[in-house]
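Protein chains in written order, with this note's numbering: chain Y, 258 to 563; chain E, 258 to 563; chain S, 258 to 563; chain C, 258 to 563.
Heads up, none of these hints are tricks.
The calculated lysine to any residue pairs, modelled on SDA-like cross-linking and capped at a C-alpha distance of 20 Å, are: (1) E:K385 / Y:D523; (2) E:K555 / Y:G387; (3) C:K555 / C:Y491; (4) S:K385 / C:I557; (5) Y:K555 / E:N394; (6) C:K556 / S:N394; (7) Y:K555 / Y:E487.
In short, the hints are calculated from the structure, not lab data.
No experiment lies behind these values; they were computed from the predicted model shown.
There are 4 protein chains.
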Amino acid sequence: MIHTFKPSRYYNTIGWHEPALLIHDGDTVITSCVCAAGMDEHEKTITQRPNPMSGPFYIEGAQPGDTLAVTFDRITPNRPFGWTRNVLAQNVVDPDYVHRLPDRSAGVGRWQADVAAGTATLVSPETKLGTLSLPLNPMVGCFGVAPALGQAISTATSAEHGGNMDYNGFVAGVTVYFAVNAPGALFHLGDVHAVQGDGEISGTGIEISSEIQFTVRVLKDTHNIWPRGENVDYIFTCGNARPLDQALQHATTEMSRWLMADYGLDGVAVGLLMGQAVKYEIGNVFDPAYTVVCKMPKKILAQFTH
Amino acid sequence: MIHTFKPSRYYNTIGWHEPALLIHDGDTVITSCVCAAGMDEHEKTITQRPNPMSGPFYIEGAQPGDTLAVTFDRITPNRPFGWTRNVLAQNVVDPDYVHRLPDRSAGVGRWQADVAAGTATLVSPETKLGTLSLPLNPMVGCFGVAPALGQAISTATSAEHGGNMDYNGFVAGVTVYFAVNAPGALFHLGDVHAVQGDGEISGTGIEISSEIQFTVRVLKDTHNIWPRGENVDYIFTCGNARPLDQALQHATTEMSRWLMADYGLDGVAVGLLMGQAVKYEIGNVFDPAYTVVCKMPKKILAQFTH
Amino acid sequence: MIHTFKPSRYYNTIGWHEPALLIHDGDTVITSCVCAAGMDEHEKTITQRPNPMSGPFYIEGAQPGDTLAVTFDRITPNRPFGWTRNVLAQNVVDPDYVHRLPDRSAGVGRWQADVAAGTATLVSPETKLGTLSLPLNPMVGCFGVAPALGQAISTATSAEHGGNMDYNGFVAGVTVYFAVNAPGALFHLGDVHAVQGDGEISGTGIEISSEIQFTVRVLKDTHNIWPRGENVDYIFTCGNARPLDQALQHATTEMSRWLMADYGLDGVAVGLLMGQAVKYEIGNVFDPAYTVVCKMPKKILAQFTH
Amino acid sequence: MIHTFKPSRYYNTIGWHEPALLIHDGDTVITSCVCAAGMDEHEKTITQRPNPMSGPFYIEGAQPGDTLAVTFDRITPNRPFGWTRNVLAQNVVDPDYVHRLPDRSAGVGRWQADVAAGTATLVSPETKLGTLSLPLNPMVGCFGVAPALGQAISTATSAEHGGNMDYNGFVAGVTVYFAVNAPGALFHLGDVHAVQGDGEISGTGIEISSEIQFTVRVLKDTHNIWPRGENVDYIFTCGNARPLDQALQHATTEMSRWLMADYGLDGVAVGLLMGQAVKYEIGNVFDPAYTVVCKMPKKILAQFTH
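Go ahead and model the full structure; you've got the sequences and the hints to work with.
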């Protein structure tokens with residue numbers, strides 16, 4: 258079943274909030290998300306920062322101990338205006354370089370997103386970059402399920418439940434798997450970026466409001482701790498923590514668990530395989546918790562699975 | 258001029274050692290490197306761990322304050338036998354997962370490198386991976402110039418002078434730039450991996466002896482602190498430190514300096530560009546210092562440079 | 258006014274929960290806290306882990322932007338039985354030492370707390386330590402105010418709002434200052450330790466149920482971000498984060514802000530003073546966020562304040 | 258035997274340098290050290306930064322595998338003038354607070370050390386601190402033995418061999434134990450601070466030239482990896498690394514090894530004891546490697562050792 262849902266309120270935490278819509282295993286939802294600053298498709302500020310969430314969506318039958326699979330079918334900016342901060346974050350440069358950075362309050366960059374052309378073009382400020390044009394790559398910055406213990410966690414950060422991971426690989430075609438903590442899972446999403454470099458190192462991507470179509474499934478037989486995902490070429494795991502070292506430990510451990518449980522590898526096979534074939538990517542290094550993604554090529558897995 | 262050089266001794270530090278060969282700006286050297294365990298092309302152990310270095314090569318005219326550019330023209334394994342450790346390193350998994358790892362002393366993996374076929378194939382131990390075959394991607398794990406202050410630094414680690422960075426992007430066709438600290442720069446190299454996943458997370462790549470051809474140039478007008486490099490598609494910078502956060506800060510700062518000095522960008526242009534277009538890769542996360550690489554696509558730089 | 262309050266329910270998060278008791282500026286509360294495992298003064302498990310909180314206490318007149326001052330007047334274990342985990346945590350030792358640790362599930366240590374004698378004595382297991390006796394030092398492990406944005410944060414961790422800091426300096430006689438986020442501040446407390454080494458490195462102190470007497474004040478003119486405190490000899494600040502480096506940055510920055518705002522120092526005076534006179538202590542290094550305390554001796558401050 | 262030794266040259270690395278003086282097990286040396294900036298007792302700059310080392314002292318009979326014990330008998334400033342940087346280091350405050358720091362190049366603080374009075378008094382610059390007077394606490398900032406593998410490591414940093422640990426507990430009366438790597442151990446020392454807060458957070462203590470008397474012993478039966486030490490009240494271990502978390506892991510692991518090898522404790526006894534009785538202190542958090550000290554009270558150890 259396909260639901261079309263227009264949010265009437267937004268949340269700045271991911272938590273055990275009143276469900277906005279009840280859906281079922283296999284259902285598809287088309288909804289809209291405001292940008293990180295709470296501006297809608299008309300550039301009107303209708304809610305507050307940080308990263309307002311659409312939802313939560315209550316998935317009938319999802320129980321603690323289950324896994325919720327969310328497939329992003331389509332992520333489409335629904336206005337041309339995107340904005341960025343225009344200075345590197347202080348925490349991504351050497352401490353003795355911080356005073357070389359321009360004043361962080363010096364305004365925002367304006368970008369023009371053209372969905373048909375598949376580009377995002379710099380409009381202002383005026384710099385040597387001119388009208389720099391980048392390939393559009395709409396991604397969901399912040400999404401996840403209600404965390405354990407009845408917690409409500411700010412959408413500025415991330416943890417086992419997902420949250421503000423800002424990984425530019427969370428694009429249409431990707432499926433993400435979350436461990437369910439609350440009855441109904443309570444899925445939240447928002448904070449779309451039209452384009453974003455690795456790390457979200459200026460503190461934003463090109464922030465934009467969007468229409469998102471996603472499809473949910475409830476899985477009864479997986480036991481992940483950290484978010485897992487897959488796209489056409491890779492399976493992957495996400496670790497969220499500081500420092501990056503710990504985020505990488507979480508992602509690596511989750512991949513090891515996955516390969517042992519679902520691909521029949523023992524610890525030595527995991528060491529031999531991951532040691533030679535693993536790829537890492539960096540989600541955000543701006544927010545309180547950083548994100549590291551650990552990827553394994555499906556083509557390599559296919560050599561020993563049938 | 259092309260020099261063919263066969264090392265008669267090896268070093269386990271990168272330091273102000275007696276030059277092994279004097280060469281000039283523009284010269285090319287063809288030399289051999291033993292594997293990380295000191296085994297040569299006949300699988301004979303001729304020197305000791307860790308990561309024995311060929312060289313140092315004294316480049317006439319290279320002075321402190323200059324930059325040494327080294328281009329890897331060719332990296333060719335010169336024996337079929339490569340070896341790996343076969344268990345994930347304890348420091349790349351969650352602390353409470355360490356006791357799940359197999360015993361680290363449980364032997365090594367044997368791999369067959371086939372240069373003609375472009376593959377590395379698992380020979381032993383026997384696991385569900387069978388005769389897993391991976392694309393050959395010969396890379397130089399450890400190389401660099403004599404560090405500042407007359408230091409001699411173990412080839413187990415890395416710093417501003419280079420060292421054991423274990424980045425699987427250090428392949429043939431890449432040029433790397435080092436700030437020169439000692440007269441003649443004193444370039445060392447070794448520790449080739451036939452294949453290696455990101456992070457060198459089992460503590461090795463497929464360790465192999467090799468023949469390497471490289472070409473040097475002395476540059477008088479660049480002022481990098483951390484190693485820089487370029488390949489066909491990217492310019493990139495390397496940061497070496499723990500935690501990964503600091504390695505990333507070094508690489509990010511070096512890229513900002515580079516873009517401002519050589520591409521005419523101001524701080525706002527740097528923030529706008531890097532924020533949306535930067536890519537990060539992870540060198541090793543096994544050794545005392547970790548490595549992060551910050552990359553910028555040349556295709557994007559071409560939009561505003563002429 | 259003095260309130261005696263017996264909790265009828267407990268919370269495993271610090272959040273915007275229904276107030277348990279309304280009190281006023283200047284009031285004193287005598288209440289009881291179960292131990293970290295939810296056991297009361299009769300060793301009966303009456304609620305669930307982790308770290309059940311008594312409260313929250315709603316302080317009339319406390320508004321976002323104010324500071325809540327809480328003075329611990331008395332912290333008295335109300336049963337003789339205290340328990341500890343008996344193995345070092347995996348994250349406080351070198352990764353390659355983890356496999357040397359005993360099995361973490363190997364039971365708990367039992368200790369006898371004697372309030373009159375001022376000691377805690379090891380009862381079991383039997384080890385070479387025999388009946389090791391340590392000076393009693395009752396401290397509050399976890400306490401704080403409702404966090405910003407309507408968050409509810411697990412009592413296993415800590416942040417700007419306080420939480421599970423496990424600093425063994427939070428003893429009777431100490432006053433702690435929190436920035437207020439929610440109307441009424443919503444103060445929670447619990448998780449008393451009869452004794453605890455720095456860092457809570459075995460994952461517990463000697464966990465015990467207690468009676469606590471505290472007094473609150475609402476301050477209108479301070480602007481701390483991180484918890485501040487004072488005892489007879491020191492003023493101090495707390496930073497909660499991972500890695501420890503960041504916790505230390507938060508505590509150091511908060512102390513600098515305090516010295517500049519309330520002691521009239523400029524940045525150079527702060528650098529001269531803190532550089533030579535600051536003391537650091539380590540709260541827990543076991544939980545998701547670590548704690549560092551930055552202390553300044555009042556005796557030194559007295560030299561230039563009148 | 259007591260040697261009086263006046264250095265004729267200084268080193269900016271700790272390495273396998275030509276011995277300056279040969280001494281024997283049990284000998285005492287009285288020597289002088291310039292300050293961190295290379296200024297002698299007449300405030301004359303006679304050598305270069307960073308942290309010039311007196312020595313190395315070759316101890317006859319000390320072999321790799323042995324332990325060198327160094328007792329600081331006396332540390333006496335030999336000029337009244339001490340200097341400090343006067344601004345907090347950028348890496349010890351929050352990244353978004355760095356731009357609030359005064360310009361780091363803004364000159365130095367001048368202090369008057371009075372050995373007879375036991376004080377260090379601020380002379381300039383003029384601030385609200387006035388003539389702040391602090392208790393003299395002369396400590397050795399940088400010292401150690403030649404590192405493994407023939408390395409020569411900058412005196413700006415620290416590692417297993419010791420180095421620039423800047424722990425304000427390295428005062429007269431302390432004995433420090435180092436694992437010997439080179440024949441003769443090759444002991445270096447220098448960089449005395451008249452006073453220093455924890456962490457060396459402005460990047461210096463009160464830097465001063467000094468006379469130091471120390472006594473050496475060669476031990477054949479201890480097997481430490483990281484520096485160990487003891488004073489009247491404590492035994493302690495030092496870990497040097499970044500982040501602080503790793504320095505703490507090293508120190509904690511070394512203490513566990515010590516308690517198990519020399520005090521007969523098993524892993525459970527270590528967990529029970531260290532969990533309740535350990536104290537941590539922070540050496541420098543300014544240099545490339547940070548230092549954490551793990552302490553155990555002798556009075557508690559005395560309860561179960563005879």
